[in-house]
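**Q** Below are the chains, spelled out letter by letter.
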Amino acid sequence: QQQVKQSPQSLIVQKGGISIINCAYENTAFDYFPWYQQFPGKGPALLIAIRPDVSEKKEGRFTISFNKSAKQFSLHIMDSQPGDSATYFCAASLPTGGGNKLTFGTGTQLKVEL
Amino acid sequence: DAGITQSPRYKITETGRQVTLMCHQTWSHSYMFWYRQDLGHGLRLIYYSAAADITDKGEVPDGYVVSRSKTENFPLTLESATRSQTSVYFCASSEIRAGGNTIYFGEGSWLTVV
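Residue numbers (our numbering), protein chains in the order written: chain A, 1 to 114; chain B, 1 to 114.
Simulated from the structure, these hints should not be mistaken for laboratory data. One should not assume that every hint holds.
Dumping the calculated SDA-like pairs for lysine to any residue here, alpha-carbon to alpha-carbon at most 25 Å [said to hold, decoys possible]:
hint : chain 1 : residue 1 : chain 2 : residue 2
1    : A       : Lys42     : B       : Gly16
2    : A       : Lys5      : A       : Phe66
3    : A       : Lys68     : A       : Lys42
4    : A       : Lys42     : B       : Thr71
5    : A       : Lys71     : A       : Lys42
6    : A       : Lys57     : B       : Tyr104
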């Protein structure tokens, strides 16, 4: 049972464009939703995260939009750059008592072209 | 600041052999995790540990064994390797903090079972 569904699987965006990656979750007990960025040959690294009490969080060119009623959240990368080319994973975790574990989406390979 | 160190980084082994992947963290984080990454599946949790001598199964534990005698080490053993265990393995660690639990990943161990 996949609790976090991510789309699209791959995405090609022109430099300066907006990259949008979407995720949907099933477990309403999830209370923390991070996005991880992974470059080839490296481990994933935390990019930005949100809790369900806010609808949007922005850090530089990266924004998370959160829709609690629809059980969806998305990552927007504004002014996409070639250096943003990477694999992006959304994730979700239960409250602390749930073991501090992350459930990941299947990942989106982003390529930003010149 | 070494963070999380995984070894070996690359390993080729034969079906039926026992393989141990090592993981060492320098942050004294309470939680440690083993994930495997496969195309189309994203990152799936194999085992995790909340503290020394406390381990628990994740989503895909079959065929794997873990131990955690010291806070800083969390080795993963494949008792009898199978081709389906060919994957990239990521060790990770985290500490519980208010506002969300950031999980820090190592750089991965590429395992090929032939």
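**Q** Decide if the proposed pair is consistent with the structure: Lys57 (chain A) and Tyr104 (chain B), CA atoms, cutoff 25 Å inclusive.
**A** Holds - the C-alpha atoms of Tyr104 (chain B) and Lys57 (chain A) are around 21 Å apart, at most 25 Å.
**Q** Check whether the Cα positions of Lys5 (chain A) and Phe66 (chain A) lie no farther apart than 25 Å.
**A** Given pair Lys5 (chain A), Phe66 (chain A) holds - Cα atoms ~15 Å apart, limit 25 Å.
**Q** Holds or violated: Lys71 (chain A) with Lys42 (chain A), Cα cutoff 25 Å?
**A** violated, 30 Å
**Q** Need the status of pair Lys42 (chain A), Gly16 (chain B): alpha-carbon distance at most 25 Å?
**A** violated, 28 Å
**Q** Taken at face value, is the distance from the CA of Thr71 (chain B) to the CA of Lys42 (chain A) at most 25 Å?
**A** holds, 24 Å
**Q** Assess, step by step, whether the Cα of Lys68 (chain A) is no farther than 25 Å from the Cα of Lys42 (chain A), and give holds or violated.
**A** violated, 32 Å
In this structure, the hints that do not hold are numbers 1, 3 and 5, in rising order.
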